Amino acid sequence: MKPIIRHAILCAVFIICILPSITLAQTVYEGQVIDKTTELPIPAVTLTLIKKHFNTLTNDQGYFKLPANNTAVNDTIIFTSIGYQTYQLPVRDYKPYPYIKMQPTLTRLNQVNITARARKQKQVTLDKFLVSNSNFYKKTLMGVMVGNDKWTAKLFTLPTINTKLLSVQLGRDDLSDYFITTNKFARFNLHIMDIDSAKGSPGRILLTKEINLQDNSHMVLIDLSKDNLTLPSSKFFIAIERLFIPYNEVISIAPDYKAAGTNKKGEQILDDTPCYLIEYQPFLQPYPQPHAVSIWFYKNGSWVSHTFAAHVNTMALSATILY
Amino acid sequence: MKSLLTLVCCLIALITNAQTEKLNKFHLVDKVTNKPVITSVAIVKAKLSITTEKDGVFIIPGDLKKMTDSIIFSAQNYFDIKMPLKALSTLDTIRLTRLAFKTTNTESKFTRDTLLNNFNGEDVGYFAGLHEDTASFNYLQLAQQFYIDKINTKLNTLQIERLSFNLDDKYGWGIYNNPRLEHYRQIEFTAFKLRIYDINDATGKPGKDLCDSIIVIKLRSSERARINLKDYNINIPHKTFFVAIEWMRDYYNAHYTGIVIPNLKSRFISYKPAIGISPITGKKLNIWALNTNHDWLPYATFSPFGTDLAIKATVGYN
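One line per chain: the protein sequences are A and B, in this order.
Taking our numbering, the leading residue of the first sequence gets -5, the next gets one more, and so forth.
Taking our numbering, the leading residue of the second sequence gets 1141, the next gets one more, and so forth.
Because the hints were derived from the structure by calculation, they are not lab data.
Since the structure is predicted, the reported quantities are computational estimates derived from the model, not experimental observations.
All C-beta atoms, glycine included, are put in the ideal place defined by N, C-alpha and C.
Don't take each hint at face value.
[Claimed, not checked] Stretch-level coverage of chain A by chain B, calculated; a stretch enters the list once three of its residues show a Cβ under 8 Å from a Cβ in chain B: (1) 155 to 165; (2) 237 to 247; (3) 266 to 272.
This is chain A alone, in the form it adopts within the complex (with noise of 0.2 Å):
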């Protein structure tokens, strides 16, 4: 065998025997399990990454983080929960965060809420939003910023009155495709507001929590079931009020110029610098609904409105009621 060939060989060789060892440059695997009928998220459900031996869990918001440091590219992320089907993810399969949905497994008790009449109540999620498919309006339409005020409130119809609100759901925008310094952090009150019958703007507050998000869950579940708030009207609000400090403040980056002087004509000579832009957390997905949105702003000491088309852009806000 010619010299050449045989090198070529034990080449070849080594790196079979080195391919499983090669590890990925990914620094983390992060994302939410959700599940995949409510696409609400599924808190302590357990993570393992099989060859490397590692566990975690997600927290409350079904958020996980896993370090991949030295992870081999063909591992795999087992996802478990009780009353959830087993989710494999070969880590060669892994895109930045994605939505794990894992499946309800038939002998999964339901929730079932019963009245001392026995009468069967009714749980819905108004505006509903699928996260998976919020990603692709955001690149198609490059997204509508609904925010940057201080306050924003969002209109919602109810089926009914005496509704009870359980939970609110807001997107989280996915600022990784800007130039955006990261701040998972992000702290403001959210607001439950009735509706001005007069003006038909928010008016009186409900119910007011402050809300700190310390992850970077994208879907997030604020849980207002022990609240026990019922909804007097028909129509209700529910505002995001923003804090600007420096505990939410995310920087962009927008080129701009400065003045270096004048040239010998007299006209003025620019240089390209950069401007930062300061800005503050949260930011909502923006999300298309299949019907108009009424969208309230605080300007100025008073509630004005814009109202958005259908399938136009608004914000990822979404309740969940009983009834």
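Based on these hints, arrange chain B on the given structure of chain A.
Quick look at chain B alone, frame taken from chain A:
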């Protein structure tokens, strides 16, 4: 030329009682050698400061006799000079007196070292140096206080995180397809001075310089500065010391900062680099800021969650 224009523009904006177009030009020089000195010039109440270029020249427009503010000239290894602005009306040259630097440098060989203020650089998300609330950032220096459990150690290396989107080798939508992309690849270049201070025993604040060399760090687009200080032989005499970023507030580093808040159109000049805040919250605040009056104050903007600057240090000891 650029520096003169910058100085003129900045000072015009803030010296409100300047009624005339008269330009008052000054030279900052070493008292003995008469050579120009790169100097930090701060106007106290106006909270304005700039750094001269190598020629040591600065210009103030207007009638100096009518100005009521004070001015401070400060340069490493020289005594600070503070005087009323009106006192400049009879001067065209300011002579700086050199400090007698008492060397504490050491050439001892240290066999071990320890890493102070460790954190994961990927987790740095907050940056100081762009703004304060809705106003510009007017501090001259920010210092990180370090603690070690030994005396007479040696500062070996530093790692500093700063704000950079690294446009040198990254681009995305917004800049992608922009014909000026090539020009943007240099807009995050920066230079800053590094100061190492002993503790002032009386105040607990940064005190004397521990290194008489002027250390200028130049960065291209990198968000991380790795600095080897071994050749400077910087001896740390006490169990605490300070590492400070001194901004070179000149044309080269000047950029804009805008704050996106409703009903507020706020855009002002800031200076690169913005320095990272450590993602690890400590038990006490360890960041100090030097204001235009040359007072060191605790820097609590990011407190309680941001207690330290994103600066790591390795210190050698025996």
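We went through each hint and held it up to the structure:
1. 155 to 165: violated (count 0)
2. 237 to 247: Answer holds; 7 residues pass the 8 Å Cβ test.
3. 266 to 272: holds (count 7)
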